[in-house]
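Trainee: The primary structure of each chain is shown beneath.
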Amino acid sequence: MEVTQLRRTPRLTVALVLASAVVLSGCTATNNGNEPGGTTVLKVAASAAVTTWNPVTSFSTEALYMGNVYETLIWRNPDGAAEEFTPGLAETWAASSDGLTWTFDIREGATFHDGEPVNAEAVKLSIEAAKAKGGASFIWAPLESIEATDEYTAVFHLSYAAPLDLIAASTYGSWIVSPKALAAADADENYFEEGKDAGSGPFTVDSYTPGSSVVLKRYDDYWNKDALPYYSIVDIAITPDAVTSQQMLTSGEVDLATNIPLANVKTVADSIGAEVRTSNSPFNFVALFNTTRPPLDDPMVRQALSYAVPYDDIIDVGAQGYGTQSRAAVPKGIFPYSDDVPVYTQDLDKARDLLAQAGHEGGGFDLVLTYASENSAEANFVPLIKDAFAQIGVDVEVRGELFNQQWENAKADPASAQDIFVLYYWPTYSDAGADNLWSLFHSSEAPFFNLSYWKNAQFDTMIDDAAVLSGSDRAAAQAKYIEAMNLLVDQAPAIFLYDTQAILVSPPDLNVGQFNENYPFTTFFAPITPAS
Amino acid sequence: MTSASGVPPLAAFVPLGERPFTRIRRVLARDPMAMVGVAIVVLVLVLALFGQWIAPYPEQGLGSPRPSLRGLAPGAEYLFGTDQLGRDVLSRIIMGARPALLISVFVVLLAMVIGIPLGAIAGYRGGWVDQVLMRVTEVFQSFPPLLLAMVTVAILGPSLVNAGIALAVSWWPWYARLVRAEAQSLRGRPFVEAARAIGVPTWRIIPRHILRNSLTPILVQATVDIGSVVLAAGALAFIGLGAQPPEPDWGLMVAEGRGLIFTQWWISTFPGLALFVTVLGFNLIGDSLRDIFDPRSVKR
Amino acid sequence: MTLFLLKRVGTSAIVLFSLSVIVFLLTRLIPSNPAVIYAGPKARPEELARVTAELGLDQPLYLQFFRYLGGLVTGDWGNSLATKRPVLDELALRTPATLELLAVAMLFALVVGVILGVIAARRPGRILDMVIRFLSIGGVSMPAFWLGLLLQVFFVGALGILPATGQFSTEIKYLSPITSVTGFPLLDSLLTGNWVAYSDGLAHVILPALTLAAYPLGLIARMTRASMLDVAEQDFVFTARAYGLREGLIRWKLALRNALPPTMTIVGLAAAYTLTGTFYVEIVFNWPGIGQFAAGAMLAVDYPAIVAITMLSAAGYLVANLVVDIVQARLDPRARLS
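Residue numbers (UniProt numbering), protein chains in the order written: chain A, 1 to 532; chain B, 1 to 300; chain C, 1 to 338.
Careful: at least some of the hints might be erroneous.
Pairs of lysine to any residue residues, derived as SDA-like cross-links and limited to a Cα-Cα distance of at most 20 Å, are as follows [what the hints assert, rightly or not]:
id	chain 1	residue 1	chain 2	residue 2
1	A	K266	B	R66
2	A	K350	A	D339
3	A	K131	C	K7
4	C	K7	B	T137
5	A	K455	A	V215
6	A	K131	C	A43
7	A	K386	B	V139
8	A	K266	B	S68
9	A	K266	A	D188
10	A	K133	C	A43
11	C	K84	A	E193
12	A	K411	B	G157
13	A	K386	B	S64
14	A	K386	B	P58
15	C	K84	A	E194
16	C	K7	C	I326
17	C	K7	B	A195
18	C	K173	C	L191
19	A	K217	A	G513
20	C	K84	A	T61
21	A	K133	C	I326
22	A	K266	B	G71
23	A	K266	B	G86
24	C	K173	A	A183
25	C	K7	B	G157
26	A	K411	C	E46
27	A	K196	A	L182
28	A	K266	C	K7
29	A	K386	B	S68
30	C	K173	A	V215
31	C	K7	B	V139
32	C	K173	A	D206
Treat the hints as calculated values from the structure; they're not laboratory data.
Produce the entire structure from the sequences given, and follow the hints as far as they go.
Mentor: Take a look at the structure:
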C-alpha cells in the first residue's frame with residue numbers, strides 16, 4: 001500500500017472539482033480561494049460535540065469552541081512556561097495576604113462581539129451567573145461577593161482562602177460574557193443555542209450545524225492585535241469517530257485533526273510527514289482499592305499489590321507509550337504535582353515478601369476489579385493487572401461495566417462493592433489538590449469519587465491545611481501537599497497507574513501552538529499559521 | 001426469514017416417519033456447495049472445541065497483551081501478524097471460534113425455548129389463544145431486524161451474554177411462527193385427531209405428535225439461524241454493543257483494526273474473513289436444505 | 001377493500017401502541033441513572049436532583065408513562081441526553097442523508113439482484129446458476145462493516161479513485177453550495193443542475209451504497225430466481241413459447257413481470273435489514289445519517305434518542321409493510337381474505 005498516495009488522490013479530486021467549477025459555474029460567484037487579504041480557511045476535524053452554547057452552563061466538550069470565542073480574566077500557562085499566568089481580560093491582579101480578597105484590574109478597550117464594552121460590571125455579572133447556575137458552579141464555592149469598585153476594577157471577597165487565580169483561569173465556569181446576552185439568556189434559556197455567542201475572544205461563531213459543523217470567524221475588533229488570528233475562517237467538522245478524523249487528515253480533507261486513535265498516531269504522522277508532539281495532560285488513571293474489608297484494609301497488602309503492577313507495560317498498552325507513571329494521583333504539570341513524590345516500580349519478589357509478611361504467603365485470595373467498558377485504554381491494560389497479580393497468587397475477576405453503572409455500584413454500599421475500581425480522572429480546573437487529592441482520598445460520609453472509602457484523619461488534616469494555604473502561599477501549600485502525597489503513596493489506598501500525554505499530530509504545512517494542559521478540551525486556533 | 005417470506009410450512013413436504021437427521025444428510029450429500037458448507041462448519045467446530053491446543057499462542061488469543069510485539073506484519077512466526085496490542089491475530093481468530101459458536105447456539109436454543117411452546121400452543125389451540133399470541137409476535141417482529149437487539153443490549157449494558165439475550169429476545173418470534181404453521185397443518189392430520197379422540201391430553205399431544213413432526217423444519221431453520229446469529233453478534237460487537245475487549249470476538253477485532261486498515265490491514269482483514277467464511281458455511285448448508293424443502297425450487 | 005384497509009391500519013395502530021409500551025418499559029430497565037448521564041459525572045447532588053425533577057424521574061412510574069405517552073402524541077419526545085437538543089430535531093437533521101443512502105443502495109440491489117436472478121433461472125443447476133447462487137449467499141453472509149473496509153482499501157487506498165468518507169467534500173460548501181429544494185442534498189444538486197456537487201456526492205455515495213447493497217442484493221437475487229423458476233412452469237409461458245415468441249422477450253418481459261410481485265414481498269424486509277445496516281456502514285464511511293447517531297445513542301444509553309429511533313424506525317417498517325400489503329391486495333384479490 002502506498003500511503004503517500006492516500007494524501008494525493010483526493011487533492012486531485014478537489015483540483016478537478018475546482019476546474020469544473022470554473023468551467024461550469026461562470027454564473028455563480030462562489031469561489032473565494034485563499035488569495036491574500038481575502039478569506040483564509042483552516043479546516044479542522046474535531047470530536048467535540050456541542051451540548052450547549054451557553055458559556056455559563058457549559059461543562060462539556062464544547063470547551064473546544066468556548067476557549068476560542070470567550071476569554072477568562074487570566075489564563076493559566078502550561079507547565080514550564082516562564083510565568084504562571086498570562087493576562088486575559090484582567091491586566092493585573094493581586095491577592096491580600098490572607099488570601100481572602102482578590103482585586104482584578106480589567107483591561108480597557110476590549111469589546112464583546114455584540115459591541116458591548118468589557119468592564120468590571122460584566123465581570124461581576126458573568127461570575128455571579130456562573131456561581132448561581134453554572135455547570136461547574138461549585139468551583140466558586142469560596143466566593144462570597146464581587147464588587148465593581150469602579151468601571152475597570154473588580155474585587156472578589158472570599159469566605160475562606162482559596163487559589164482564586166487558578167479558579168479564575170478555569171476552563172469551565174469562568175468565561176466573561178456580555179451582560180446583554182446574560183440578560184437575554186435569563187429571559188430565554190435557549191437564547192444561545194442556535195450558535196449565538198457573546199464573548200470577547202479572537203473568534204466568533206459564524207454558523208453551527210448540530211452534529212456536523214461549527215464555523216468560526218475571526219473577530220477583527222479583537223483587543224489583542226498581536227494575537228489576531230491568521231485564518232479568517234476556521235471550519236470545524238464535528239467528527240466523533242477518531243478513525244474517521246484520521247482518514248480526513250490523511251486524505252487532505254482537513255488540515256488538522258484533534259483526535260486520532262492513539263495506536264495509529266505514528267503511522268498517520270509518518271504518512272503525511274507530520275511531527276508528533278506530546279505534552280502534559282490533566283488526565284490520569286488510578287485503581288482504587290476497597291479499603292473497608294480484608295485483605296485490602298491492610299496497607300501492607302496494598303503495598304504488595306502496588307509492587308506487582310507492570311507500570312511500563314500498562315503505559316505501552318493503554319496509552320501506546322504516550323504516558324508517564326502517576327505520582328499520587330496528581331497529573332504531571334498540574335498543581336501540586338512534584339517529581340519528589342515516590343512511585344512504585346514492579347518488583348514481584350518484594351510483592352511476594354510483603355504478602356507473606358502480611359500473612360498471605362503465596363497470595364491465595366480473590367479480588368473483583370471493575371473498569372469502565374467504554375474506555376478502551378482501560379479495557380486494554382486491565383488484563384495486564386490480572387496477569388501480574390496472578391503471578392503473586394492473587395486471582396482477579398475483571399468486570400467491564402458502563403462507567404455510570406460501575407460508579408453507581410461503587411457508591412451504593414462499600415461493604416459489598418468491588419475490590420478495585422479503575423478510574424479515569426481529571427480535575428475540573430487546574431488544582432489537583434482541591435480536586436484529585438480531595439475528591440479521591442479525603443474521607444466523607446457517603447462515597448462520591450473517594451471510591452477507596454479510605455478514612456485517614458492525618459491525610460485529611462494535611463490537605464485541608466494545604467487547601468487554605470494555597471490561597472495565599474502557593475509554595476507552602478505545595479510542601480504540605482507533598483507531605484500528604486508521600487503519606488498517600490505509603491498507605492497505598494490506590495494504585496497510581498499513569499498520566500496520559502496529550503498528542504498532537506502537527507502537519508508539516510502548519511505551525512500549531514503549544515498544547516495547554518490547563519485547557520485540555522481546547523485547541524487554540526488563533527496562533528495557528530501556515531508553516532512558510 | 002422463511003416464515004416471513006410467505007413460504008408454506010415445511011412440514012407439508014417432509015415425509016413423515018423419516019428421521020430428520022437422515023433426511024438432512026441425504027439432502028446435503030447431493031449438493032456440492034452444501035458440502036463446502038459442511039466442510040467449513042466442521043472446521044469451525046474443530047477450532048471451537050480444540051482451539052486452545054491448535055492456537056499457537058492461546059493466552060494471547062484470550063487477550064493478554066504483549067507490548068513489545070505490536071503491529072507485526074504477517075510472517076513465519078505470526079502467520080496473520082499481530083494486532084495493536086501485540087497479540088497474535090491467528091490465535092485470536094482461533095480462540096474466537098468458541099465464543100462465536102457458543103453464543104449462537106445459546107441464542108438459537110433460547111429463541112426455541114421461548115418460541116416453540118408458544119407457537120405450538122397457538123397453532124394447536126387456535127382461536128383467541130392463537131390471536132393473542134400472534135399479535136404479540138407481530139409486535140416483536142415490527143421492529144426492524146437487529147434493532148430490538150441493539151436497544152436491549154444498550155439498556156442491559158454491552159457484553160457478549162447480554163448480546164445473546166438481546167438477540168434471543170428478537171429471534172424467538174420466527175420460531176413461534178414456524179412452529180405455529182406446522183402445528184396448524186398437523187392439527188387436522190388423522191393421527192393427531194385419533195390421539196385426541198381417545199382422550200390423550202393436550203400436554204402430551206403437543207410434544208409427542210406436533211413437535212416431533214416439526215423437528216425437521218425447526219432444525220433447518222436453526223442451521224440457517226446459527227449463521228445469521230454469528231453475523232448479528234459480530235455486527236453488535238463491531239458497534240460496541242457486543243463482546244467487549246479483550247474478548248477474542250471477530251466483529252470486535254474488525255473494529256479494533258479499523259483505524260489501521262490502510263497500513264496494518266491484517267488486523268481487521270483476517271477476523272472479518274473468519275466471520276464471513278463461518279457465516280457462509282452455515283448459509284450454504286441452510287440454502288441447500290431450504291432449496292430442497294421449498295416447493296418453489298423443487299422443480300430444478 | 002376499504003374494510004381491509006381499515007383493518008390493517010387498525011392493527012398497525014395497536015402494534016404501534018404496544019411497541020411504545022415495550023420501549024417505555026425497556027428504558028425504565030436502564031440500570032444507570034439517566035440523570036447522571038444528563039448532568040455529567042461531576043455534577044453535584046443538588047444539580048442531580050434538579051435534573052431528576054426536570055426529567056420527571058422522581059415521579060411514580062404510571063405518571064412517567066402518561067407523560068411519555070403525552071409527549072409522543074404531542075411531538076415532545078424529549079431532549080437527547082448527549083446533545084441536549086430535541087431528539088426529533090436531531091433525527092430530522094439526519095434523516096435525508098440516510099434515506100438517500102438507503103435509496104441508492106436499494107435501487108442498486110433491486111436492479112442487479114433481479115438481473116442476476118433472471119440469469120440464474122435460465123439454466124438452473126448449471127455453472128452460471130452456481131456462481132450466482134454462491135454470490136448471492138455470499139452477499140447475505142457478508143459482514144457489511146468488513147466489506148466496507150475492504151472496499152475502502154481497494155478503491156481508496158490502492159486505486160485512489162473514490163473518497164473514503166463523508167457525504168460531500170468540505171470544499172463543496174464554498175465552491176458550489178447546494179440550494180435546498182427537497183431537503184435531500186444529492187437529489188437537490190441534481191434538480192438544481194449543480195453538477196459539481198452532484199458528481200462529488202455521487203462519488204461519495206458509491207462505496208457505502210455498494211456495501212449496504214450486498215445483503216438485499218443476495219436476498220433479491222435468490223428470490224427472483226425462485227419465482228422465475230416458478231413462473232417458467234406456468235401455462236402462459238408454454239403458450240408463448242408455442243407461439244414462437246423470442247426467448248429473450250418471454251424471459252425478460254412476460255415471465256419477469258409475473259415473477260416480480262413475489263420478489264417485491266421480500267423487498268420490505270430487505271430494506272429493513274438495510275436500515276439496521278446503516279448503523280455500522282455509516283460509522284465506517286462517516287455518513288452523517290441516523291445510523292451513526294443511533295449507534296452513538298445506544299453506546300451512550302441516550303434513552304430519549306433510543307426511544308425515538310426505535311419508534312420511528314418501527315413505524316417506518318410498519319408503514320412499509322402496510323404499503324406492500326395494500327399493493328399486493330390490489331394485485332391479488334385473494335390476499336385480502338387472509
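Trainee: Please go over all the hints and tell whether each is borne out by the structure.
Mentor: Hint check results:
Note on K266 of chain A and R66 of chain B: the hinted pairing holds, with a Cα-Cα distance of about 19 Å set against a maximum of 20 Å. With a C-alpha separation of about 23 Å, the suggested pair K350 of chain A and D339 of chain A falls outside the 20 Å cut-off, and the hint is violated. With a CA separation close to 59 Å, the supplied pair K131 of chain A and K7 of chain C exceeds the 20 Å bound. Our distance criterion of 20 Å between C-alpha atoms is met by K7 of chain C and T137 of chain B, whose separation comes to about 18 Å.
Restraint check for K455 of chain A and V215 of chain A: the C-alpha separation of about 49 Å exceeds 20 Å, so the hint is violated. Distance check on the hinted pair: K131 of chain A and A43 of chain C sit about 14 Å apart at the alpha-carbon level, within 20 Å; holds. This hinted pair does not check out: K386 of chain A and V139 of chain B have alpha carbons roughly 45 Å apart, beyond 20 Å. A threshold of 20 Å between alpha carbons decides the hint, and for K266 of chain A with S68 of chain B the separation of about 16 Å falls inside it, so the pair holds.
Using a Cα cut-off of 20 Å, the hinted pair K266 of chain A and D188 of chain A is violated, with the two alpha carbons roughly 47 Å apart. Under the criterion of a C-alpha separation no larger than 20 Å, the hint pairing K133 of chain A with A43 of chain C is consistent with the structure, at around 12 Å. A hinted pair counts as satisfied when its Cα atoms are at most 20 Å apart, and K84 of chain C with E193 of chain A qualifies at roughly 10 Å. Between K411 of chain A and G157 of chain B the alpha-carbon distance is near 18 Å, which keeps this suggested pair within the 20 Å criterion.
The suggested pairing of K386 of chain A with S64 of chain B holds, with an alpha-carbon distance near 9 Å, which does not exceed 20 Å. Annotation: proposed proximity of K386 of chain A to P58 of chain B holds, straight-line Cα distance about 16 Å (limit 20 Å). Restraint check for K84 of chain C and E194 of chain A: the C-alpha separation of about 12 Å stays at or below 20 Å, so the hint holds. Pair hint K7 of chain C plus I326 of chain C holds up; C-alpha atoms about 11 Å apart against a cutoff of 20 Å.
Taken as a hint, the K7 of chain C and A195 of chain B pair is broken in the structure, with Cα atoms around 37 Å apart against an allowance of 20 Å. Distance hint between K173 of chain C and L191 of chain C is fulfilled; the C-alpha atoms sit about 17 Å from each other, no more than 20 Å. Proximity of K217 of chain A to G513 of chain A is assessed by CA-CA distance (about 19 Å); at most 20 Å being required, the pair is judged to hold. This hinted pair checks out: K84 of chain C and T61 of chain A have alpha carbons roughly 13 Å apart, not beyond 20 Å.
The suggested pairing of K133 of chain A with I326 of chain C is violated, with an alpha-carbon distance near 55 Å, which exceeds 20 Å. A threshold of 20 Å between alpha carbons decides the hint, and for K266 of chain A with G71 of chain B the separation of about 12 Å falls inside it, so the pair holds. The suggested pairing of K266 of chain A with G86 of chain B holds, with an alpha-carbon distance near 16 Å, which does not exceed 20 Å. A threshold of 20 Å between alpha carbons decides the hint, and for K173 of chain C with A183 of chain A the separation of about 35 Å lies outside it, so the pair is violated.
At most 20 Å may separate the alpha-carbon atoms for a hinted pair to count; K7 of chain C and G157 of chain B exceed this at roughly 39 Å. Between K411 of chain A and E46 of chain C the alpha-carbon distance is near 17 Å, which keeps this suggested pair within the 20 Å criterion. Of the pairs offered as hints, the one joining K196 of chain A and L182 of chain A holds, with about 12 Å between alpha carbons and a cut-off of 20 Å not exceeded. For the hint pairing K266 of chain A with K7 of chain C, the CA-to-CA distance comes to about 62 Å; that exceeds 20 Å, so the pair is violated.
About 18 Å separates the Cα atoms of K386 of chain A and S68 of chain B, which keeps this hinted pair within 20 Å; it holds. For the suggested pair K173 of chain C and V215 of chain A, the alpha carbons sit about 12 Å apart, so the restraint of at most 20 Å is met. Between the alpha carbons of K7 of chain C and V139 of chain B the distance comes to roughly 16 Å, so the proposed pair stays at or under 20 Å and holds. For the hint pairing K173 of chain C with D206 of chain A, the CA-to-CA distance comes to about 14 Å; that is within 20 Å, so the pair holds.
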